[in-house]
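Colleague: Each chain, written out:
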Amino acid sequence: MIYQGKQKIWSDYQKEIPDDHWFYVRSCIRQNFFPASEAHFVKIVKDVLGKDLYETEHHTTCGGIAYHSDTIPQETAMTIVARQFALMTEAGYKNLVASCITSFGNYTEILETWREFPELEVRIRENLWKACRREFEKPEYVCHASDVIYKLRNEIAEKATVRLVNHETGEPLRVVEHIGCHYSKMFPHKGVGGAEYPCVLSGMVESWGGKVIDYPERRHCCGFGFRQYLVKANRGYSVSNTHKKFESMEPYHPDMIITNCPGCPYFLDRWQYVIAEQTGKTYGQNGYGIPALTYEELAGLVLGYDPWDLGLQVHQVASEPLLDKLGIAYDPAKKYLGLNEKEIMKPGLPQVLKCC
Amino acid sequence: MKESVVVIGGGVAGMETAASLLSLGYAPILVEQSDHLGGHVASWHRLFPDMTSADEVIASLKARLEGASVFLGTGIQFVNRLKDGYNVMLTNGVSVLAKAIVLATGFRLFEARRKEEYGYGIYDHVITNSDLENWFRGGDDLRVPAEPAAIGFVHCVGSRDVKAGNTQCSKVCCITAIKQAIELKEKFPGAEIYCFYMDLRLFGKKYEDFYINAQRDYGIHFIRGRVSEVGERIDGRVIVKAEDTLAGKPVKVSLDLLVLMSGIVCNPEIAALTKNVTLERDEDGFLRSRDNLSGITLSPRKGIFYAGTCTGPKTVPETLAEARSAALCVHDFLQGRA
Amino acid sequence: MDFGFSLSPSSAVNLDTVDLSLFRKVEARCPDIRTCIGCGSCSATCMASAWSGMSVRQVILALQRGQLRQVEQKLSACMLCGKCTMVCPRGINTRNLILAVSREFKKEEAQ
Numbered sequence: 000m001i002y003q004g005k006q007k008i009w010s011d012y013q014k015e016i017p018d019d020h021w022f023y024v025r026s027c028i029r030q031n032f033f034p035a036s037e038a039h040f041v042k043i044v045k046d047v048l049g050k051d052l053y054e055t056e057h058h059t060t061c062g063g064i065a066y067h068s069d070t071i072p073q074e075t076a077m078t079i080v081a082r083q084f085a086l087m088t089e090a091g092y093k094n095l096v097a098s099c100i101t102s103f104g105n106y107t108e109i110l111e112t113w114r115e116f117p118e119l120e121v122r123i124r125e126n127l128w129k130a131c132r133r134e135f136e137k138p139e140y141v142c143h144a145s146d147v148i149y150k151l152r153n154e155i156a157e158k159a160t161v162r163l164v165n166h167e168t169g170e171p172l173r174v175v176e177h178i179g180c181h182y183s184k185m186f187p188h189k190g191v192g193g194a195e196y197p198c199v200l201s202g203m204v205e206s207w208g209g210k211v212i213d214y215p216e217r218r219h220c221c222g223f224g225f226r227q228y229l230v231k232a233n234r235g236y237s238v239s240n241t242h243k244k245f246e247s248m249e250p251y252h253p254d255m256i257i258t259n260c261p262g263c264p265y266f267l268d269r270w271q272y273v274i275a276e277q278t279g280k281t282y283g284q285n286g287y288g289i290p291a292l293t294y295e296e297l298a299g300l301v302l303g304y305d306p307w308d309l310g311l312q313v314h315q316v317a318s319e320p321l322l323d324k325l326g327i328a329y330d331p332a333k334k335y336l337g338l339n340e341k342e343i344m345k346p347g348l349p350q351v352l353k354c355c
Numbered sequence: 000m001k002e003s004v005v006v007i008g009g010g011v012a013g014m015e016t017a018a019s020l021l022s023l024g025y026a027p028i029l030v031e032q033s034d035h036l037g038g039h040v041a042s043w044h045r046l047f048p049d050m051t052s053a054d055e056v057i058a059s060l061k062a063r064l065e066g067a068s069v070f071l072g073t074g075i076q077f078v079n080r081l082k083d084g085y086n087v088m089l090t091n092g093v094s095v096l097a098k099a100i101v102l103a104t105g106f107r108l109f110e111a112r113r114k115e116e117y118g119y120g121i122y123d124h125v126i127t128n129s130d131l132e133n134w135f136r137g138g139d140d141l142r143v144p145a146e147p148a149a150i151g152f153v154h155c156v157g158s159r160d161v162k163a164g165n166t167q168c169s170k171v172c173c174i175t176a177i178k179q180a181i182e183l184k185e186k187f188p189g190a191e192i193y194c195f196y197m198d199l200r201l202f203g204k205k206y207e208d209f210y211i212n213a214q215r216d217y218g219i220h221f222i223r224g225r226v227s228e229v230g231e232r233i234d235g236r237v238i239v240k241a242e243d244t245l246a247g248k249p250v251k252v253s254l255d256l257l258v259l260m261s262g263i264v265c266n267p268e269i270a271a272l273t274k275n276v277t278l279e280r281d282e283d284g285f286l287r288s289r290d291n292l293s294g295i296t297l298s299p300r301k302g303i304f305y306a307g308t309c310t311g312p313k314t315v316p317e318t319l320a321e322a323r324s325a326a327l328c329v330h331d332f333l334q335g336r337a
Numbered sequence: 000m001d002f003g004f005s006l007s008p009s010s011a012v013n014l015d016t017v018d019l020s021l022f023r024k025v026e027a028r029c030p031d032i033r034t035c036i037g038c039g040s041c042s043a044t045c046m047a048s049a050w051s052g053m054s055v056r057q058v059i060l061a062l063q064r065g066q067l068r069q070v071e072q073k074l075s076a077c078m079l080c081g082k083c084t085m086v087c088p089r090g091i092n093t094r095n096l097i098l099a100v101s102r103e104f105k106k107e108e109a110q
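Chains as they are written, first to last, in numbering that gives the first Met the number 0: chain R, 0 to 355; chain V, 0 to 337; chain X, 0 to 110.
Hints are supplied without guarantee of correctness; some may be wrong.
Said to hold, decoys possible - Pairwise CB distance ranges, derived in the manner of DEER restraints:
(1) R:Lys129 <-> V:Glu279: 48 to 58 Å
(2) V:Gly235 <-> R:Leu348: 53 to 63 Å
(3) R:Arg114 <-> V:Pro267: 24 to 34 Å
(4) V:Ser227 <-> R:Gly279: 50 to 60 Å
(5) R:Gly279 <-> X:Ala27: 38 to 48 Å
What the hints contain is simulated information worked out from the structure, not anything from laboratory work.
For every residue, glycine included, the Cβ atom is placed at its ideal position computed from N, Cα and C.
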């Protein structure tokens, strides 16, 4: 692998990311899947790095999940998005930051569609006015939250208390980066580093001391695939895609996976349990799985947040082996204590996949 | 005094044009930007369909240039239109007045790294057709392994590709892939060789026989399907994904070497050259002829002629024939017959 | 545990691991099968094709992709009429091919 070749491609896909004053829109599902990720994004950006990030309790789903699941037409999604833009305009912001990859893809696709078909934008403005008497300016910049962390990665590295290095051997951790499909496959120039060799996550990993693994099925979908999972009869396709990825990354012995999409960390995490039950195979060391983290969780870890505050206990795959490698202290007794040390119940342990 | 004609470009088209003008009694001035004559052909090893040595072709063309003025390492500063002809200013300070100019500015190979999914310049064992010819000529290339067990060819890299901005068929790559596959099979008889193609466009004399030879005598596998992506395995080999469209099934294979058949695209330097003398370009970026059927060597401008691949992809024999035709058109023009 | 769904088998052909033993044996007897261009003349003219799925083109491809069951299943409907040999533009002796494959299958059965 010739690293300089990738750098050359990255230089073709430089994305302009504003460095302050963002209007943040959350994901519908991430707070259930990875409850502390968005909270820590806000903490890191506002409290640790002192930037201006605004969010409003009035924002809703962007409609992307329904659009991609074939339950609403695009025009409906457009009107929902128009309302988000109106909230941003009312708050006096111009830089939209989406927490969700599909939202980011949805916003980008809609803006590109309006650019190609301005008459559609006019109609959506009418829809919005009829529905809720709102008007909007289009954002100057649309970014994904991982673009923001990418932009701030070196500032985070400066404040980091943990490096992505095996603290016993001194070797950099081997990290698989997985990019959500809707990040740049639709519009390669809207993603940092393009669509074939995106560097939005690999840039973070390298900045924080880890080593990125490039394996043959790097570009493959995580397995979510919306209807591939949402329709139960199709779930075999979903888990098969995930299985294909793990088979492909297995020879590299990754220490962890970093992701930037709501669905990817969920499926790369939970399907390891299902694959283990169905095939008897696990992909981490000693019967464990490979921890699949969100980039906010990873940023939180390198900045020294407590793993249980970051919500790592709600992952299916045990994160303890990773924490041990990184030399991060944690209290096993506090794993299933929630806010104010309240018991949040312990999950049952699976048969095959080893969990702590 | 003999009439001067400026021929821009010292590839096979320019060389043949200049040689023909010479034998018609003119004083051709052949201007070549690089330090040698022969263009792309000079960097090739052997040529289809008879495996002719490219060096010999260039040598025999050179021999016929005896008496022509040849400027190597020389570009064109500008071309100005005069009342009755052109003033061509060369970068070496020579100023030429000529009634006729022949553009033989040739083509560029498609920049293979732009097809990002094939990983040229990123994966260790991905090369282009031109890299392979260089290796055939004895050049070192660490990307070519000592004993490959499996080799693949990807046809149409940057050709017939709307997304890459090139709708044209490059014409010569199908037969070049077959030629190179045979040559590699001769060097590595134990290797399995796969050609991934969309269509095989084998239109020239003896090309189809070449194809049958490749299939029957060399056992080269032809898979109809465009390679969709290439990855690198942990052992450094590349893994190629395509659809075997005749079987209707996805196919994958690990290879020790992957050769990308970079296509023929227009020479971007034409733009600078035609700054003062506006010459229209076709949709494919190549120079637009007065007529694509009967006037391919004629530009829309009086006194400016085209030879070779500046108007589109061509084989060597086509280019040579066209160069002679261009010389005759110049002759007719200077004799006042056209 | 029964999840109500399971890993789906992949339809992809992996040329790294494909079983070419039968193809190698057959091509030794009739090397001209390598020159097939997949034009489909043979299948288009085949008496059995429309009812049974018999197709010499697909048999040759299946041999090259190591899909032996498909080879056997398709060829079992052949009536050896020779029409495919008449139409092949590459002059492949398809009758010879079919007999060669049958011979190999018979040998295997005998073993």
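Colleague: Determine for every hint whether it applies to the structure shown.
Modeller: Each hint, compared with the structure:
1. Separation of lysine 129 of chain R from glutamate 279 of chain V is about 51 Å and conforms to the stated range, judged on CB atoms against 48 to 58 Å.
2. Taken as a hint, the range 53 to 63 Å is violated for the pair glycine 235 of chain V and leucine 348 of chain R, whose Cβ atoms sit roughly 40 Å apart.
3. Hint check: arginine 114 of chain R to proline 267 of chain V, Cβ distance near 28 Å, so the stated range 24 to 34 Å holds.
4. In this structure, serine 227 of chain V and glycine 279 of chain R break the distance hint of 50 to 60 Å, their C-beta atoms being roughly 32 Å apart.
5. For the pair glycine 279 of chain R and alanine 27 of chain X, the beta carbons lie near 42 Å from each other, so the given range of 38 to 48 Å is met.
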